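Asks: Spelled out from the first residue to the last, the chains are:
There are 2 protein chains.
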Amino acid sequence: MPEDKEKDYWVGFDLGGTKMLAAVFDAKFKQLGSERKKTKGHLGVEAGLERMIGTIRSALEEADIDDTQLLGIGVGCPGPLDLARGVILEAPNLGWENAPVKKTLEKEFGCPTVIANDVDTGVFGEYRFGAGKNERCVLGIFPGTGVGGGCVYEGRIFRGKTMSCMEIGHMQLLADGPRSGTGQAGSLEAVASRLAIAGQAAQAAFRGQAPYLREQVGTDISKIRSGVLAAAIENGDRVIKQIIVDAANHIGIALAGAIHLLAPDVVVLGGGLVEAMPELIVETVNKSVRKHLLPSFLDTFEVVAAELADDATIKGAAAWAEVEFRETDSKS
Amino acid sequence: MPEDKEKDYWVGFDLGGTKMLAAVFDAKFKQLGSERKKTKGHLGVEAGLERMIGTIRSALEEADIDDTQLLGIGVGCPGPLDLARGVILEAPNLGWENAPVKKTLEKEFGCPTVIANDVDTGVFGEYRFGAGKNERCVLGIFPGTGVGGGCVYEGRIFRGKTMSCMEIGHMQLLADGPRSGTGQAGSLEAVASRLAIAGQAAQAAFRGQAPYLREQVGTDISKIRSGVLAAAIENGDRVIKQIIVDAANHIGIALAGAIHLLAPDVVVLGGGLVEAMPELIVETVNKSVRKHLLPSFLDTFEVVAAELADDATIKGAAAWAEVEFRETDSKS
Chain A
5 MPEDKEKDYW VGFDLGGTKM LAAVFDAKFK QLGSERKKTK GHLGVEAGLE RMIGTIRSAL
65 EEADIDDTQL LGIGVGCPGP LDLARGVILE APNLGWENAP VKKTLEKEFG CPTVIANDVD
125 TGVFGEYRFG AGKNERCVLG IFPGTGVGGG CVYEGRIFRG KTMSCMEIGH MQLLADGPRS
185 GTGQAGSLEA VASRLAIAGQ AAQAAFRGQA PYLREQVGTD ISKIRSGVLA AAIENGDRVI
245 KQIIVDAANH IGIALAGAIH LLAPDVVVLG GGLVEAMPEL IVETVNKSVR KHLLPSFLDT
305 FEVVAAELAD DATIKGAAAW AEVEFRETDS KS
Chain B
5 MPEDKEKDYW VGFDLGGTKM LAAVFDAKFK QLGSERKKTK GHLGVEAGLE RMIGTIRSAL
65 EEADIDDTQL LGIGVGCPGP LDLARGVILE APNLGWENAP VKKTLEKEFG CPTVIANDVD
125 TGVFGEYRFG AGKNERCVLG IFPGTGVGGG CVYEGRIFRG KTMSCMEIGH MQLLADGPRS
185 GTGQAGSLEA VASRLAIAGQ AAQAAFRGQA PYLREQVGTD ISKIRSGVLA AAIENGDRVI
245 KQIIVDAANH IGIALAGAIH LLAPDVVVLG GGLVEAMPEL IVETVNKSVR KHLLPSFLDT
305 FEVVAAELAD DATIKGAAAW AEVEFRETDS KS
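Respectively, the protein sequence lines represent chains A and B. Under the working numbering, the very last position in the first sequence is 336; numbers go up by exactly one each time. Under the working numbering, the very last position in the second sequence is 336; numbers go up by exactly one each time.
Simulated from the structure, these hints should not be mistaken for laboratory data. Just so we're clear, the structure is a prediction, and the values are computed from it rather than from any experiment. Be aware that a few hints might be false.
Note that the list lumps identical chains together, so a pair holds whenever it fits in one copy or between two copies.
Within a straight-line C-alpha distance of at most 30 Å, the following computed DSS-like cross-link-like pairs (lysine-lysine) qualify [as the list claims (entries may be wrong)]:
1) K165 x K107
2) K295 x K165
3) K165 x K137
4) K137 x K291
For reference, chain A alone in the conformation it holds in the complex (with noise of 0.2 Å):
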């Protein structure tokens, strides 16, 4: 290597459960490379830290930067999480345990990594670069496979000792209620999470009740994703609608208990779901949640869509190991 090539890229990373991301990052977060592929949960802890370690090198390959050339990696990952070693400690979407994805990649690319939960990274990415920008107390939440959740506070993101929080799609709605993916009966996550939804519309399909998804997709839930159901929509297949105010319904639920927690600024609705139909859902929240709430929080926030999509979390996670090690070295 040449040695006056700068050293002073990052690595972002979002490790989601049907897809992973990696993107290289210029000091001032201009991407210069990246790289997707499927996640294949299935195939198991290995062969999953592979194919991150496959995946950043692509990225790597397309930005023309070496290895010696990078700062640090952040990660966004499934959660709960060991933040401090750094180890994925269950995933249930993606059928993992315990992954050590800080050793693994610092082992293979010789720099700082940081893992934290990909909600959180997409919610400091968006706190950073997008719809909460230094806003002083962000919350965002991500319906997606599950419903995610996650936190900035005065600049840093809201973390547990040794694992990750926020976790809105684990708090209890229905006391008898269905169960999620984690055995919670009740759980937001089971009623409002876009797997929930879908094994709503596969019913409503399979009934009849939703002629435009069974001519699309049939009643497979694995094909009943977010693009299709905001088209069913629009080509009036009413229950689907009603299924998604439900959900968003739910959400607004949950999230008045957060508020009457946390009295966020900005409450930031992101993920696949909501980038379908941000109108839809964000209206749906921002009314239920308003009926759940002390009169004295109804003006204290705004809720809103996501900017950044699919960025926020790599360009957050990136921004994140920033915080993180360039806090490092300035103590040092």
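Got chain A; can you put chain B on it based on the hints?
Replies: Below, chain B without anything else, positioned relative to chain A:
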């Protein structure tokens, strides 16, 4: 005043639903004098502020400290509050609105005054001097006339921008449950505050199911306080025990939601009810909360009883004034 008089004293104040307390502390938080009066919220804001001034005057007199020796006053108030302006926006249990506490006390005593939610100051007291000493994240829950919550995160009270937060009593548990004093249907406060418990206990007494309680205080809920509830349980009123257990179970459900968001290291339960029957309530809440958590959260926290009783809020309020005003000094 002689010129050599030391100026290193703090006043802590606890404005409760039924009583108000003031205490004077030296720099090491040794208590030098105190006073207690009934709050008499029904007399209104102006009379209430006069009573506060009188209570502080009496405590100063007992401590033999002049106004000019005070570095600051910290006041724990029922919320929601406008922290920046130091105003109680609404205190439903007092019937107060827009009470200018900070301005009134600063004018009277000539020293800086900070207000905070009374539970926040209580939790700060437990964090500095009691059951959550120096822990990274302490969540407090104080079932009283309502059900208050507070959080000390990395050494500071977690706060909203212009108001308090951690209003765990207003989290919704039951979609169409009973209403609390603030009109929230199915909130924790509506099913687990001391008032809600007293309401149920009075019904049991009326129906003849709680003979000891009925004999002691009849069916007037203003006489059904924590001590007599504990005595009723000891004297065989099993239905009273069930009412307390039900309330503690509901606290556990709301607490699970809060733990999923905040991932605290210690959960401190305090207030009169808990003091009257700490084992029953702590154990029941501890069992209940663990039924509603993701497995990875189970070993991350302890549930403990508060240690400082009535001292928590006054001592915490004084210590919080020190954090606020010593820091301001060092910055200027």
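Asks: Does each hint hold? Answer for all of them.
Replies: Hint check:
1. K165 x K107: Result: close within a single copy only, 19 Å intra versus 39 Å inter.
2. K295 x K165: between (34 Å within a copy, 22 Å between copies)
3. K165 x K137: Both: 26 Å inside a copy, 16 Å across copies.
4. K137 x K291: This pair counts as within: shortest intra-copy Cα distance 23 Å, inter-copy 41 Å.
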